[in-house]
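Trainee: What follows is each chain in one-letter form.
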Amino acid sequence: MLFGRRKPGFVQVEEQKDPETAGRGPEETGGAEETEVQKETGDRAGKPELMSYLESLPDVEDPFPAREEAEEEPEERTPAQELADYIRLRSAGAQITARSALAKEIEDFDSRLEALVQDETCKDIASTQGNKDVYYYSRLNMSDNYAMIAALVEEKDLARTIAKMVRFNCKTYPLPTPITYFERHPYYASIPQIERALDVIAREPEYEDIQVFTNSEGVRYFYAEGIMSRKYARALAETEEFTD
Amino acid sequence: MAVYGWMGKLLRVNLTTGAITTEDTTQYQKYIGGMGFGYRIIYNEVPLETHPYDEASKFVMAVGPLTGSGVPCSGRMNISFLSSWSKGNSILDAHMGGHIGPQLKYAGYDAVVVEGKSPTPVYLKIEDDKVSIEDASHIWGKGTFESNRIMTLECGREFDTAAIGQAGEHLVNYSTLNTSFGNSGGAGIGAIMGSKNLKGVAIHGTGSVKVADVAKLQELNNYMLRDLIGANNNHNVPAVPQSWAEYSSVSGKNRWSGAPGRAWEKAPGGPIDTGEQPCGDINKIAYRCLKGVFDYGEVAAHYIVKQGGCSSCPIRCYTEYEMDPLAEYDLPVNTSNTCMPVLYGTDFYPDGVKDFKYEGDARVVINGASSHAQDDLGLWCNYGNLYREFKWLCTSGRIHEFIPDEEYNSIPWQWQKDGDPRFVVEIMRRIAYKEGELAVLGEGTLAVMEKWNLGKEWMDMVSASNQNVTYNGYPKHHGAEDSAQIGQLFNLMYNRDCMIHHLTNVAQSGAPYEVSKSVMEGFFGKGCFDAQKKYTPINANKIKVAKWAFNGKQIHDSATVCNWMWPMTQSPSKERNYAGDLDLESKFMSAVTGIDYTRESLEFDAERISNMLRVMTAISFNIHFGSKNLREDHDAIPAWIFDKEPDFQPFEEGTIKMDRDDMEKAKDMFYEAMGWDVKTGIPTRATLEKFELGDMADDLAKRGILPR
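As given, the protein sequences belong to chains A and B, one line each in that order.
Heads up, the first sequence is in numbering that gives the first Met the number 0, so the first residue is 0 and it goes up one at a time.
Heads up, the second sequence is in numbering that gives the first Met the number 0, so the first residue is 0 and it goes up one at a time.
Everything labelled a hint here was simulated from the structure, so no lab data went into it.
Some clues are possibly wrong.
[Unchecked claim] A few chain B residues that face chain A, going by a derived Cβ cut-off under 10 Å, partial list only:
1. Ala238
2. Gln241
3. Trp243
4. Ser248
5. Ser250
6. Gly260
7. Glu297
8. Asp481
9. Gly509
10. Glu644
11. Ile655
12. Arg659
[To be verified] Covered stretches of chain A, as calculated for chain B (at least 3 residues, CB under 8 Å):
13. 144-153
14. 162-172
15. 180-193
16. 217-231
[As the list claims (entries may be wrong)] One-sided excerpt, in silico: chain A residues whose CB lies under 7 Å from chain B:
17. Thr176
18. Ala234
19. Glu239
Note that the Cβ used here is the ideal one computed from N, Cα and C, for glycine as well.
Given only the sequences and the hints, what does the whole structure look like? Please build it.
Mentor: Now the structure itself:
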């Protein structure tokens, strides 16, 4: 029984009536054929029909009345507030908003941004500095860490993304990062892309702390030397036998 | 007469005489319900010398004041009885979710005590105060799915049913009671019922649970769903980054697996993307779990119809699958499960399995076949020991020592080599029907050791096949790997695997260590919670946590609420600094029962139940082995827990191998905290009197095992 009790009389079964006998009761039609519901409910068939019973009950005061809100005139939004609304809308859709894109579309962007920073109602609007741009988001529906990740994804520098997130994960959780982390949402990197990024990481001095190893199940992991020891990283990458 | 929460009545069914009577349960309310009721009744009425399959044996299906009350995750039913397979044959429990527990409440009962033995196969039909023992001779011999279907057809679709399978009928120790959604009560209850010729139960109730303060109940519900609840096992960060969340699980493997791009792909009408499920959006909670993806990875989504679950639970952790490749093998394609049966089928194929329709789907499909078979046969696994021991048998090189040639040759090994799902189905069938020497695996780990002359060293060996946490015949259930000494301690306490999730829910949540540490230390004090694989010596605050988790499990199995979801230790809410609310169980108890519970008073009642467990275990060990010392005879820890990971020393960064001296100290401190004699681990008279268990103290004294 998956969806709860079905009390007798809950379902009204309408029979497909013969046009000649429509409007006449079972006695008149010469046979009272039980419906499936009636058969099922057997001797409960004498109980009153639910909706009729409910309608017969006296009215009572609604303990949870809907709030009546007075219709308000829509407030006129300032250009700064409109900008904030736009950023919020995109944040609600898990999107950050690049400064360069805004500056391209909005003529007076700098002054609008300055007004936004001053506006008390726009305090939720924050920014994160990427390598190539500044990105705006609303803290009402996006976290700072996610904005950081979104900015990395936006800038499409996978080597930098891997390095930054590996260091972040080693410091924050602390855990080594499996290669599969970057295949998932919101990175969606392919293995060839990751391999190319690994080549960059291997040769660029700024990434020399990023190390790779393979655990006993054949999964490759990254960790950041200086933040985590290889021995500890390897130990953390070995999962216990899975149990529920 | 019903009071708030409790229904005030228990049903007693004597299958020998056919007598059906009711009794008032008011006298049992200090035992809360569920497990507490069961233990007191079994202690009062069943001498612990009784063999579990004797006519004199009884079992108690019991629920608690919160069951069916509308409290989130309150669909559980507890079944207490004597063990047929673990050391000492002492008291233990099966637990099952689904809808049958609430139905029992709506029918008007807090518990059903089943005693005696029917001369012929029967099932128990409970319809409010109309209770009857129905003929089941036409169902006997059938699997649980068909049995449940027939009982539902006969009784009506408004009934919830549960049945034993062929395993229970054949008195296989590893047997279950199953609903058709994969909810199973394990630990051997199937054979207990089978020994009584009781095929199943069908329950329908038209009543309701009286709630003392409905407005408060609703307020607490909204609070819990909005601010506290995470995903399955109350994991409080998502598996992959979501835009509202500060953190995510780096491994990508935690129980909040729902995410953008992951869908219930076989949902009628088209795939349903699980999307983001922000904290506070109570209408999206059901999309968080996506258990199949946690179990198998994203390939599982190809087979997911939807996520189902239990009464009053928003989590929906039962993945409902349609695995069409199984039709090629003439096997059922639909299965629903969340736990062991759907996880370990591939252990029957040590040489590996092959993909079916999608890359990486081998595990999914094989487990679909094994899960359906295991549930249909009503076979239990002892939290994975069944699978591990079969795998050990195949890979040890010793199979011919134990399995006679004729039987060995009759096993369809080619199916195993081919990765054919019919192999695991056939092996499970043999075990459920007690066919051949292979069926020893279904008698229990101790039976395997004894019959195959394996010796104590088999339980001491360092091997993935050996997860035995004591020498009593059951494996660890989230032990030292999650919480060092804390997990190891509470794993020692029962007569089966402990089923405690208090610590694993925090340790594996995916949240940063400093975040979880801050939450735990806020509740229990400094040093109470170690980082993963970086544990520290035992201290007083860790003992507080161990005691809280141990007693807390008794709360959940007595109240009843789900042991996987509760307690609400952490929260996904950044505004709350990710801290949950450990007073919530008592708040709900107060709202539902009208009795002013506090966390302390509820834990006190639970500790009473913990002491009943300990006393009954001590008595059983004394009866069967002449033991006067549970510390040595019940709580001994196998060597592998101290000897694993030879490249590491205890307390070194990177290991969970425990230290022998440290664990002995941990036992000292834990026994002291529980008011037990440190030398024997048995409760003292003072402790038992404190919990109004003086009769049990007298019993221990009469047997010469009450500590001085």
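Trainee: Now look at each hint and say whether the structure bears it out.
Mentor: Hints, one by one, checked against the model:
no.: 1; hint: Ala238; result: holds, 8 Å
no.: 2; hint: Gln241; result: holds, 7 Å
no.: 3; hint: Trp243; result: holds, 6 Å
no.: 4; hint: Ser248; result: holds, 9 Å
no.: 5; hint: Ser250; result: holds, 6 Å
no.: 6; hint: Gly260; result: holds, 6 Å
no.: 7; hint: Glu297; result: holds, 8 Å
no.: 8; hint: Asp481; result: holds, 8 Å
no.: 9; hint: Gly509; result: holds, 8 Å
no.: 10; hint: Glu644; result: holds, 8 Å
no.: 11; hint: Ile655; result: holds, 8 Å
no.: 12; hint: Arg659; result: violated, 21 Å
no.: 13; hint: 144-153; result: holds (count 4)
no.: 14; hint: 162-172; result: holds (count 3)
no.: 15; hint: 180-193; result: holds (count 4)
no.: 16; hint: 217-231; result: holds (count 3)
no.: 17; hint: Thr176; result: holds, 6 Å
no.: 18; hint: Ala234; result: holds, 3 Å
no.: 19; hint: Glu239; result: holds, 5 Å
Taken one by one, the earlier hints fail for this structure only at number 12.
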